[in-house]
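Trainee: The task is simple: from the sequences and hints, build the whole structure.
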Amino acid sequence: MTSNLRVRTTVEYIIYKLKSLNFTIKPASGHLSPAKANYKTTKSVLMDNTEYGIVYAVHIITVQFGSVVSKVCECLLRRGPLSSRDISRLAESEISHNQVKDILYLLIQHNCVQAFSIEPPDGSESKAVVQYLVLFNNILHRVRYNKFSRVVNEELGRECGIVLDGLLSNGRLTLGQLIERDRDSEKIGEIVIRGSLQKLVAAHFVERIPSPEPVLGNKEQEPAKKKGSKAAKILKEPETLEERVLEAAIPVEAIRFPHVFVQDSNSSIADNDSNADNDSNADNDSNITEGKRKERDVDLSDPSNEVIWRPNFEEFIRRLRHKACVEIVKERRDEGCAIVLRAMLEVGRSQEKKVKTDKSVPMSVGSIYEEVITTIPGRTMLQERVEACLDQLSATSSYLPAFVIEVDGSYIVDFKAIISIAQKDEIEAVVMRRYGKEAFRMFRYLTMEGRFVETDRIADAALTEKKDTPQILLKMWQDGYLHMQKFAVTGGTGYTPPFLLWKVNKLIVTRQMLDEMYHASLNLSLRLTHELESEKELLLLSNKKDVVLEGAYEERLIKIKAKRLLLSSTRFRLDDALMLFANF
1 MTSNLRVRTT
11 VEYIIYKLKS
21 LNFTIKPASG
31 HLSPAKANYK
41 TTKSVLMDNT
51 EYGIVYAVHI
61 ITVQFGSVVS
71 KVCECLLRRG
81 PLSSRDISRL
91 AESEISHNQV
101 KDILYLLIQH
111 NCVQAFSIEP
121 PDGSESKAVV
131 QYLVLFNNIL
141 HRVRYNKFSR
151 VVNEELGREC
161 GIVLDGLLSN
171 GRLTLGQLIE
181 RDRDSEKIGE
191 IVIRGSLQKL
201 VAAHFVERIP
211 SPEPVLGNKE
221 QEPAKKKGSK
231 AAKILKEPET
241 LEERVLEAAI
251 PVEAIRFPHV
261 FVQDSNSSIA
271 DNDSNADNDS
281 NADNDSNITE
291 GKRKERDVDL
301 SDPSNEVIWR
311 PNFEEFIRRL
321 RHKACVEIVK
331 ERRDEGCAIV
341 LRAMLEVGRS
351 QEKKVKTDKS
361 VPMSVGSIYE
371 EVITTIPGRT
381 MLQERVEACL
391 DQLSATSSYL
401 PAFVIEVDGS
411 YIVDFKAIIS
421 IAQKDEIEAV
431 VMRRYGKEAF
441 RMFRYLTMEG
451 RFVETDRIAD
461 AALTEKKDTP
471 QILLKMWQDG
481 YLHMQKFAVT
491 GGTGYTPPFL
501 LWKVNKLIVT
511 RQMLDEMYHA
521 SLNLSLRLTH
531 ELESEKELLL
541 LSNKKDVVLE
551 GAYEERLIKI
561 KAKRLLLSST
571 RFRLDDALML
581 FANF
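Okay, so the sequence shown: first residue is 1 according to full-length UniProt numbering, each after it adds one.
Quick caveat, the hints were computed from the structure, so don't treat them as lab data. There could be a bad hint or two in this list.
[Said to hold, decoys possible] Restricting the straight-line Cα-Cα distance to at most 27 Å, the calculated cross-link-like pairs of lysine-lysine (DSS-like) are:
| # | residue 1 | residue 2 |
| --- | --- | --- |
| 1 | 424 | 354 |
| 2 | 101 | 127 |
| 3 | 424 | 437 |
Mentor: Next up, the structure:
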């Protein structure tokens, strides 16, 4: 990530850059504009599932697995969890039940779908039906594999990167399969693969696969908790079905990230870890029903009992989030503050239980300083300098919040404040470019107020003409950037225009930004696919060793490679901004 996040990642800047190079970006045919899109899917599982988000996810699956697989995926994205028979009935294509099961197996293999079932109510004779939940974020992660590989190559080295690439390409593999794959390609050796896998697991970049089919407890049977009880505040129930399913499927830490491998061909976990295998359901969250496993439509059992591994996307997003936070602080404070923050993130990372953590655990100055001096840029820093940086990070101003909170001599990283300031800058940059300086001042004023404000007061605060203010506000409202309330004025003689109040609703604006970014990402991907398809024969010809292209053919090849590089790098940078709103 470069330091100038506002310029580098703004959607408007990217579209402007492409247009300046004579690229035409058109909306995908057959879809509504972002501002008028119907955001509500029938059984939306994720807030991130905007209309263009769904279309973009379906496009990714179509490109990588084909149109038939994408039909099943789109059915799950739009309708929510379904059984395999319901999918074959509701998918907008003539797909047989057996085909649906094969497609679900493929999507599970590539970590795009999770199977589960819900325990029937007590006394019910009906059997639990296996349902399939699409993992929207995991689908989008498929275009981020280069970023994930770069993280591992920089931290653990090339050999670990090769092992990770095998898992990213195939979804899930055993150690034996990784070794077999190496014999046909890289040939780095069994010992290196085993050691690299162990490093990846120790760093939490790779994890043991989750339970193939967790059985959720029936929520209607669970006793209601007392309002305001202390336990309810400490143990917060997962809010969505997806969170319940994923929490129930994830094994306990010792099984998910085992520390010891048995040095034999079947890659089983050492005794101290494998003994815990039988008790994993009991140790797992109460959402999963102990000892119950129903007959699955998609059978993922492995007769060899080898441990199956997959990439841990959570850890990659956490590392990218930390990297983004450091860049944000570096841009808005200085290099010293960025070094100190990076050390704080390293100290507290193991204590983070989820990616979107608002605040870190408290850290002492001593532990922070010890980590600072282990880094190359921090080796020469004195403790007084570290303390000065902490004071600077803890300070507030009229335009910047505190990035670090001091509590009783300890320091806490405020992730929410860091990410929010970058999101605010992104949104304001779009408003400035799209609507002008006057609209920008109005939007910033409403953001700072955080409440409904009447039109005249907005005009006074933003120093704009009162006759022009309603039109500017109305335009931003029509595009989904403002929330409006209209009050009819009664009494008196003659017609009295309605009284208008305006407010910035961050949730709505964030959703609007996400949808526009999904739309832009979709257009970039479609354009890239079109450009490569139009010159497919030339690209195939250029790959032949005995063919030398000259003249007009050489010029065409240079041009298509330049287009491919531009579109790919632009989509890569746009995805950084997308993660800022969707994943961080």
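Trainee: Work down the list of hints and note, for each, if the structure agrees.
Mentor: How the hints compare with the structure:
1. In summary, the hint linking residue 424 to residue 354 is supported, as the alpha carbons are separated by about 23 Å, within the 27 Å threshold.
2. A hinted pair counts as satisfied when its Cα atoms are at most 27 Å apart, and residue 101 with residue 127 qualifies at roughly 19 Å.
3. A threshold of 27 Å between alpha carbons decides the hint, and for residue 424 with residue 437 the separation of about 16 Å falls inside it, so the pair holds.
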